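Those protein sequences? They're chains A and B, same order as listed.
Residue numbering for the first sequence follows the UniProt record's numbering, starting at 1 and increasing by one per position.
Residue numbering for the second sequence follows the UniProt record's numbering, starting at 1 and increasing by one per position.
These aren't lab readings, by the way, just hints derived from the structure by calculation.
Heads up, some of the hints might be wrong.
For lysine-lysine, the following DSSO-like pairs were computed, each having C-alpha atoms within a straight-line distance of at most 27 Å [unchecked claim]:
| no. | chain 1 | residue 1 | chain 2 | residue 2 |
| --- | --- | --- | --- | --- |
| 1 | A | 102 | B | 34 |
| 2 | B | 260 | A | 260 |
| 3 | B | 260 | B | 172 |
| 4 | A | 257 | A | 233 |
| 5 | B | 42 | A | 9 |
| 6 | A | 42 | B | 58 |
| 7 | B | 172 | A | 103 |
| 8 | A | 255 | B | 112 |
| 9 | A | 42 | B | 171 |
| 10 | B | 42 | A | 102 |
Quick caveat: nothing in here was measured; it's all calculated off a predicted structure.
There are 2 protein chains.
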Amino acid sequence: MGNIREIAKLAGVSVATVSRVLNHYPYVKEEKRKAVWEAIEKLNYTRNINAVHLSRGKTSIIGIIIPYVNHPYFSTITEGIAAEALRNGYHLLLFQTNYDIKKEIDALEMLKMKQVDGIIICSRTVDWERIEAYSQYGPIVLCEDVKGRNLSSVSIDHYYAFLMGMNYLIKKGHRKIGYCIGRITGTNSKARQAAYQEALKQINERPRPEWIFDQCLYIEDGERVVASLLRMKERPTALLVSSDQVAAGIITFGKNKGLKIPENLAVLSFDNHPISEALNITTIELPLSVMGKKAFHMI
Amino acid sequence: MGNIREIAKLAGVSVATVSRVLNHYPYVKEEKRKAVWEAIEKLNYTRNINAVHLSRGKTSIIGIIIPYVNHPYFSTITEGIAAEALRNGYHLLLFQTNYDIKKEIDALEMLKMKQVDGIIICSRTVDWERIEAYSQYGPIVLCEDVKGRNLSSVSIDHYYAFLMGMNYLIKKGHRKIGYCIGRITGTNSKARQAAYQEALKQINERPRPEWIFDQCLYIEDGERVVASLLRMKERPTALLVSSDQVAAGIITFGKNKGLKIPENLAVLSFDNHPISEALNITTIELPLSVMGKKAFHMI
DNA sequence: GTGAAAGCGCTAACAC
DNA sequence: GTGTTAGCGCTTTCAC
Chain A
1 MGNIREIAKL
11 AGVSVATVSR
21 VLNHYPYVKE
31 EKRKAVWEAI
41 EKLNYTRNIN
51 AVHLSRGKTS
61 IIGIIIPYVN
71 HPYFSTITEG
81 IAAEALRNGY
91 HLLLFQTNYD
101 IKKEIDALEM
111 LKMKQVDGII
121 ICSRTVDWER
131 IEAYSQYGPI
141 VLCEDVKGRN
151 LSSVSIDHYY
161 AFLMGMNYLI
171 KKGHRKIGYC
181 IGRITGTNSK
191 ARQAAYQEAL
201 KQINERPRPE
211 WIFDQCLYIE
221 DGERVVASLL
231 RMKERPTALL
241 VSSDQVAAGI
251 ITFGKNKGLK
261 IPENLAVLSF
271 DNHPISEALN
281 ITTIELPLSV
291 MGKKAFHMI
Chain B
1 MGNIREIAKL
11 AGVSVATVSR
21 VLNHYPYVKE
31 EKRKAVWEAI
41 EKLNYTRNIN
51 AVHLSRGKTS
61 IIGIIIPYVN
71 HPYFSTITEG
81 IAAEALRNGY
91 HLLLFQTNYD
101 IKKEIDALEM
111 LKMKQVDGII
121 ICSRTVDWER
131 IEAYSQYGPI
141 VLCEDVKGRN
151 LSSVSIDHYY
161 AFLMGMNYLI
171 KKGHRKIGYC
181 IGRITGTNSK
191 ARQAAYQEAL
201 KQINERPRPE
211 WIFDQCLYIE
221 DGERVVASLL
231 RMKERPTALL
241 VSSDQVAAGI
251 ITFGKNKGLK
261 IPENLAVLSF
271 DNHPISEALN
281 ITTIELPLSV
291 MGKKAFHMI
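My request is simple: use the sequences and hints to build the entire structure.
Here is the structure:
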């Protein structure tokens, strides 16, 4: 392997010239350039990228903070970021946090340590103040509405999407409506809650806390929701579900338990992942992959 | 921020001592250690990790080569790797390749450049020889059977799993059996094909190339399969499907088109992802997350 | 226990 | 166009 100095010696030039060749600097005499490439071939040389990073003070790596790689919502965003990053010569360092605040901070530390040039936060537990504190070390982009905070973000208008969903159900004649989300905290969830309340207010219904289900992420969570519903004396006639996966679970387990869908329970969900198509779930599409793309470009 | 020298000056010690404190080297006098930590706090200092990487000659990052982040099969493996990596103080650099051989080689180059300490290849297009050539630069682990090659690997016995599936269907009385896989090439697929042929041989049936569907990755591919089936004069009575997603698609689109399942077409699939539970698909579980974990430890 | 100093391998300002 | 050289910020002998 060797280093740049050996290449220089073998090619009969200076290390600076080797560096120039390596970085496609235009003004190098053709014969020297050739000599350098030959030496590189001969010694099977490759730059030590850590030295490059140190010297340049940047890495062309961006970090991505994500709670679960394995959930379609997040893997779709990741997909978008990954594709775009690669097209632009960037690499992706993956921080899977499980919403563990310590892991989130670890990731943020990587920005300070210059391990990454920037960070995209797909979803988080850590508070905004903390993030703002880290943004002095490099660009940070959130995938949520930051409400005029001094932070970059790209976001889907979950308030609007949820309101749309509510209105759709209301127009279908529903008045007793509940919903399912991943976490009760989180900006996106608060937007959804606000939309829920707003829509109910307009039809003079009061929100029903017992019809709000959180921790709904995967298909299996649908089972829990169905079980809860069956135990209630008064049930919602419709459910707005923030993930296709969960909707699929509710529909399937519901049917198993004798719930007629949509007669007993209408289900409207989000994301438009393939699973909804398979199950003929009515769903509202969210442009997640595009969001990932945009997030990358903001950085 | 500053650097180690400033810390040394402020704490009244040498840079070596600062380094010792930073690396939790035991033999440093308590008072100096304290002075160093105070200086660190005061200057809000963090190590420049690139300098550490360069100096140490390693990065504690491992690369993961994966065709699509967004497919459950791969995101489950990634999940396993990510969880285990984090627990061991490693980070993950994600290379999403779309099976583009150039991107795979780029990723392998990162090993040579010392960007990563090792690489896990979840699925690949590039040939074994190439990979062997790169393994001089660091550990590489494949997630497939490497057939006695001089390469590390952790793999699921897809031959066995497929054979099990075939026998299950045969026991149910099926003789006209087809299958669906992601790619026709690839070691895992070849193992499946071998199992398919073997099982048919035992019941004196010949393989039917027209009943083999490749490029089956997502739910929507199920639609294509169903369409093909409907065009055939002679159809299989059962299908072994290498992904729950695709099975879900086949079942749903099949039902839409009036196919009775399982009466007209039995479907058996793999992976045991939640979607199969939702759709009551019979499925054979594959320990993907565990495989990811093991892959990490081999490195 | 601690410090001086020699790297790690590259980039880039500067001089020619 | 090209070479010299001073960093980049840290780790790690080696000597005391």
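Results of checking the hints against the structure:
{"no.": "1", "hint": "A:102 / B:34", "verdict": "holds (24 Å)"}
{"no.": "2", "hint": "B:260 / A:260", "verdict": "holds (21 Å)"}
{"no.": "3", "hint": "B:260 / B:172", "verdict": "holds (16 Å)"}
{"no.": "4", "hint": "A:257 / A:233", "verdict": "holds (16 Å)"}
{"no.": "5", "hint": "B:42 / A:9", "verdict": "violated (45 Å)"}
{"no.": "6", "hint": "A:42 / B:58", "verdict": "holds (25 Å)"}
{"no.": "7", "hint": "B:172 / A:103", "verdict": "violated (49 Å)"}
{"no.": "8", "hint": "A:255 / B:112", "verdict": "violated (55 Å)"}
{"no.": "9", "hint": "A:42 / B:171", "verdict": "violated (61 Å)"}
{"no.": "10", "hint": "B:42 / A:102", "verdict": "holds (22 Å)"}
Hints 5, 7, 8, 9 from the earlier list are contradicted by this structure; the remaining hints agree with it.
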